[in-house]
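Undergrad: Going down the list, the sequences are from chains A and B.
Going left to right, the first sequence walks through residues 1 to 332 as this note's numbering numbers them.
Going left to right, the second sequence walks through residues 1 to 504 as this note's numbering numbers them.
It should be emphasised that the hints constitute simulated quantities derived from the structure, not laboratory data.
Misleading hints may appear alongside valid ones.
For each label pair, taking beta carbons as the anchor points, the in silico distance ranges come out as [stated by the list, open to error]:
| id | chain 1 | residue 1 | chain 2 | residue 2 | range |
| --- | --- | --- | --- | --- | --- |
| 1 | A | 237 | B | 257 | 37 to 47 Å |
| 2 | A | 65 | B | 306 | 46 to 56 Å |
| 3 | A | 11 | B | 72 | 27 to 37 Å |
When the alpha-carbon atoms are kept at most 25 Å apart in a straight line, the in silico DMTMM-like pairs for lysine to aspartate or glutamate are as follows [claimed, not checked]:
| id | chain 1 | residue 1 | chain 2 | residue 2 |
| --- | --- | --- | --- | --- |
| 4 | A | 21 | B | 92 |
| 5 | B | 13 | A | 177 |
| 6 | A | 13 | B | 92 |
Far from chain B by the CB rule (all over 12 Å, computed), these chain A residues [claimed, not checked]:
| id | residue |
| --- | --- |
| 7 | 68 |
| 8 | 102 |
| 9 | 105 |
| 10 | 166 |
| 11 | 177 |
| 12 | 260 |
| 13 | 275 |
| 14 | 283 |
| 15 | 291 |
| 16 | 324 |
A virtual CB, placed ideally from N, CA and C, is assigned to each residue, including glycine.
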Amino acid sequence: MQIDVQTVNIEQKNQTFSHLKKRFGDKKIPSRYQEASYDLQAEENLHYRPTWAPEQELYDPNLSKIRMNDWYDLKDPRQFYYSTYTLNRAKQQETMESNFKTVESLNLIEGMPDPVLAVAQDLLIPLRHANYAANMNNTLVCGYGYGTVFTQPCVYHAMDNLGIAQYLSRLGLMIGDVESLEAAKQDWMDSDAWQPLRRSLEDLMCVRDPVEVFIKQNFVLDGLLYPLVYQRIVDQNLVEQGGSGISILTQFMTNWYLESKRWVDSVIKTMASESAENKAVLEEWIDSAANHFTSVLLPVAGLAVAGNQADELVSEAHDELLQRAKKAGLFK
Amino acid sequence: MDIKKTPKKLNVKEKYRLMTRDLAWEPSYRDEKEIYPYVDYEGIKVHDWSKWEDPFRLTMDAYWKYQAEKERKYYAIIDAHAQNNGHLNVTDARYLTAIKLFLQSISPGEYASHRGFARVGREFAGVGPQVACQMQSIDEIRHAQTQVHAMSNYNKFYNGFKDFANQRDRIWYTSVARSFFDDAMSAGPFEFLIAIGFSFEYVLTNLLFVPFMSGAAYNGDMATCTFGFSAQSDEARHMTLGLECIKFMLEQDPDNIPIVQKWIDKWFWRGCRLLTLVAAMMDYMLPKRVMSWREAWNIYGVENGNALFRDLARYGIKPPMHWDDVEKSIDHTSHQIMLGLYQWKFGTAFHSWTPTASDIEWLKEKYPTTFEKYYLPRWEYAIAQKENGGEYNNFGLPKLCQTCQLPCLFTEPDDPTQLAHRETEYEGEKYHFCSDGCQHVFEQEPEKYVQAWLPMPSMMQEPLKGDLAAWMEWASLEPTAAGEYASSEDKANFEKWRKQVSTD
Ligand SMILES: [Fe+2]
Ligand SMILES: [Fe+2]
C-alpha cells in the first residue's frame with residue numbers, strides 16, 4: 001500500500017546513533033561523513049589472532065610507533081566518505097576527459113617542440129611505476145592502520161594513485177604509443193637517474209609500520225615530488241617552452257596534490273599535538289626521509305633541467321616541505 | 001623510440017594490461033619475500049602470477065564515473081525516503097526486525113570485508129589480483145556506508161538501531177557474524193579469498209542478498225531495496241573475482257587442490273551456519289513473504305551449487321564435505337532458530353513474536369514434512385502460555401557452539417527429535433559444538449578456535465560476574481528494543497503514526 005505520508009509530523013525518538021551521540025552530543029544531526037566513518041571498525045572481543053603473525057591483534061594500534069589515545073581524532077578535513085569521494089573524482093575525470101579530447105583535437109602533441117616531448121617521456125612516464133608503489137603503500141595503510149577515519153582515506157588515496165598511473169600511461173600512449181611505456185619501464189629498471197628512487201620505493205614497500213609508510217610516502221616523497229615535477233617542471237618550465245598540452249594532461253595530479261595535502265597535513269598535525277613522543281618519532285621519520293628523498297629526486301629533476309637548476313628546484317621543494325612540517329607543529 | 005607516432009588502436013584487454021599489469025616491476029633491490037611476507041605460509045604454490053585473468057577490466061576513470069552515477073541515484077532516493085516518512089510505508093513494524101538484524105550483523109561484515117580486501121590487495125605478489133582486490137575493498141566500504149545511511153532514518157523513529165556499533169562487539173548473536181569475518185581475516189590471503197571471495201560472494205551471496213532485497217521490496221522498504229539494487233553490479237564484479245581466484249589457485253599447481261578443498265569444506269559450512277539467521281528472517285520475519293527458505297535454497301543453493309561444482313569437478317574439486325547435512329537441515333533450521341530467538345527475546349535488540357494463524361498456514365504449506373510435526377506444537381505451547389498471561393522465556397543462557405557461536409539448538413541430521421551436541425577435548429579443556437560440521441572445523445585448527453570470544457562465558461567473568469542486568473547494559477540491550485513485538489513501543493508508535501496519516 002502506498003500512502004501519502006509526506007504531511008505527517010511525527011516526533012523523533014533518536015537524533016542519532018549512540019556512538020555518535022557519545023562523541024558529538026545530540027544537539028546537531030551528525031553529517032553523513034560522521035555516520036559513515038566513526039566507530040565502524042571492530043574494537044573489542046576480536047576473536048582470533050592473525051595466523052600470519054600471532055603476536056599481533058586483528059586490528060592492532062601497536063603496529064605503529066605512533067600512539068593515539070583516540071585514532072578517530074585523525075579526521076579527514078575533506079570529509080571524504082565513499083559517496084563524496086567518488087562524486088568529486090567523477091567530476092575531475094570528466095574534466096580530464098575533455099582535456100584529453102582538447103589536446104587530441106588541437107593536435108597539441110604533434111605541435112609540441114621535441115625537447116618538451118623528450119622531458120615528458122623521460123620524466124613523466126616512468127613515474128607511473130612510482131604511483132604503483134604509492135598505490136601499494138596506501139593499500140597497506142588502509143589494511144593495517146587503526147580506526148576508520150584514518151584508514152578510509154588511504155583506500156581512496158591508493159585508488160587515486162592507480163588513477164594517476166593510468167593518466168600517465170595514457171599520456172605515454174599519446175606521445176609514443178606502446179613504445180613510450182616500454183622505454184619508460186626500461187628507464188625505471190635500468191637508467192641511473194631512476195635507480196635511487198626505485199630502490200627507495202622497494203625499501204619503503206618492506207616497511208610495516210602503517211604510519212611510517214603514510215608519512216614517508218604521502219608527506220615526504222609526494223610532498224617533494226609533486227611540487228618539483230608538476231608545479232615547477234611541468235607547469236612552469238614546460239609551459240614556457242610550449243608544453244601547455246602536457247600541463248593540461250597533468251591537471252588532475254596538480255589539483256589532487258593540493259587537495260590531498262590538506263588531509264595529510266591535518267593528520268600529521270593531530271598526531272604531533274598528541275604527545276612529545278609522537279612528535280619526536282614524526283620528526284625523526286620526516287627528517288631522515290626528507291634528506292634521503294631530496295637526494296634521490298636530484299637525478300630525476302636532472303632529466304628535465306640542467307644540473308644547477310635541478311639543485312635549486314629540489315632544494316626549493318625541500319624547503320617547502322619543511323615549511324609544511326613546521327605548520328603542522330614539528331621542528332620547533 | 002619514435003615520439004609522435006600515431007597510436008595504434010589497442011583492444012580493451014591489451015589496454016587494460018598496460019594500465020595495470022604493466023605498472024608493477026620485478027624488484028631487484030629487495031627480495032620479493034620481504035615485500036610479500038605472507039604469500040607462502042599457507043602452502044599455496046603460485047608459479048606464474050601473470051596467468052591471472054582479470055575478472056573485469058575497469059580503469060579508475062571508468063570506475064569513478066559509473067560509481068558516481070549510482071551514488072547520485074542512491075542518495076536521491078534515500079533522501080526522498082527520509083523526507084517523506086518512507087518508513088511508514090513498510091508493511092508493518094515487524095518487518096524492522098529483519099533490518100535490525102542486518103545492521104547489527106551484516107553491515108559490520110561489509111566493513112570487515114573492506115579491510116580484509118585491502119590487506120590481501122597488498123599481500124598478493126601479482127598486480128592483477130592486487131588491483132582486483134583493492135577495487136573490492138573500496139566497494140565494500142561503500143556497502144557498509146550506504147547501509148548505515150539507509151538505516152539512519154529508521155533509527156530516528158524505532159528502537160534497536162542506535163547501538164549497532166557497540167552491539168557488533170558485545171551481543172551474543174552478533175558474534176556469529178563477527179566470528180565468521182574475524183575468522184576469514186585472521187586467515188592467510190588465499191584462504192581469505194576462498195572464504196569471502198569464493199564461498200561467501202560466489203556460492204552464498206545470492207542466498208543472502210536476493211531474499212533480503214526482495215524481502216525489502218515486498219515489504220515497502222524503499223531504502224533497503226534501493227541499496228540492494230545499487231550494490232548489484234558491484235556484487236557481479238565480486239562474484240567474477242571469487243570464481244577467478246579459485247580457478248587461478250587450482251590451475252597453478254596440483255598441490256593446491258587439497259588445500260583449496262579443505263577451505264571450501266570449511267567455509268561452505270561456516271557460511272551455511274551464518275545463513276541460518278537469514279533462513280529465520282525469510283520464514284518468520286517478513287510480514288509479506290517472498291519465498292520460503294527451502295525454496296530459496298533449492299534455487300540458489302542446489303541449482304547454482306550443482307552447476308558450480310560440476311564445473312569445478314574437472315580440477316578434482318568435490319562438493320563441500322557437509323553438503324548432505326546442510327540439505328537435511330533446510331526444512332528445520334529456520335524454525336529452530338526462530339524458536340531460539342523467541343525464547344531468548346529478553347536478550348535481543350529486535351522484537352520477536354509467535355506466528356499468527358495465517359503464518360502457521362503458510363509454514364505448514366511450505367514445510368509439509370516438518371513444521372506441523374516438530375515445530376507447531378512448540379509454537380502452540382508458547383502461544384498458550386501467552387494466552388494464560390504467561391510468557392515463554394528461557395532465562396537459562398544458551399550453550400554456544402565454539403565454532404559458529406550459535407546456540408547449540410540444532411538437531412541430528414537424521415533425527416529431528418534429538419538435539420545434536422558434540423564435544424572435543426583439547427589441552428585438557430572441553431569444547432562444545434552444534435554439529436559435526438562445526439566440530440570438524442575446530443579440529444582442523446584447534447589452536448585458532450580455542451581463542452574464540454564467547455559472549456556467554458564472558459558474562460560470568462570479571463567485571464560482570466554473572467550480573468544479568470549489568471551484562472545487558474554493557475551490551476546495550478535495552479528492554480524497549482527487546483521482547484515481544486505485540487507489546488512493543490515500535491508497534492504502538494508505528495500504528496499511531498499510520499493512523500495519523502489516514503485521518504489527516
Ligand atoms: Fe558487499
Ligand atoms: Fe556450530
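Undergrad: Each of the hints needs a verdict: does it hold here or not?
TA: Against the structure, the hints come out as follows:
1. A:237 to B:257: 37 to 47 Å: With Cβ atoms ~58 Å apart, the hint is violated.
2. A:65 to B:306: 46 to 56 Å: 53 Å Cβ-Cβ, so the 46 to 56 Å window holds.
3. A:11 to B:72: 27 to 37 Å: Holds, at about 31 Å.
4. A:21 to B:92: Measuring from Cα to Cα gives roughly 28 Å; hence the hint is violated.
5. B:13 to A:177: 16 Å, holds
6. A:13 to B:92: Between residue 13 of chain A and residue 92 of chain B the Cα gap is close to 18 Å, so the pair holds against 25 Å.
7. 68: At roughly 18 Å from the nearest Cβ of chain B, residue 68 of chain A sits farther out than 12 Å, so the non-interface label holds.
8. 102: 16 Å, holds
9. 105: With a cut-off of 12 Å, residue 105 of chain A remains clear of chain B, as the shortest Cβ separation is near 15 Å.
10. 166: Non-interface label on residue 166 of chain A violated, nearest chain B Cβ at 5 Å vs cutoff 12 Å.
11. 177: 5 Å, violated
12. 260: Residue 260 of chain A clear of chain B: closest Cβ-Cβ about 15 Å, beyond 12 Å.
13. 275: The claim stands: residue 275 of chain A keeps its Cβ more than 12 Å from every Cβ of chain B (closest is about 26 Å).
14. 283: Residue 283 of chain A is indeed farther than 12 Å from all Cβ atoms of chain B, at 26 Å.
15. 291: 19 Å, holds
16. 324: 27 Å, holds
Checked against the numbered hints listed earlier, the structure breaks hints 1, 4, 10, 11; every other hint is satisfied.
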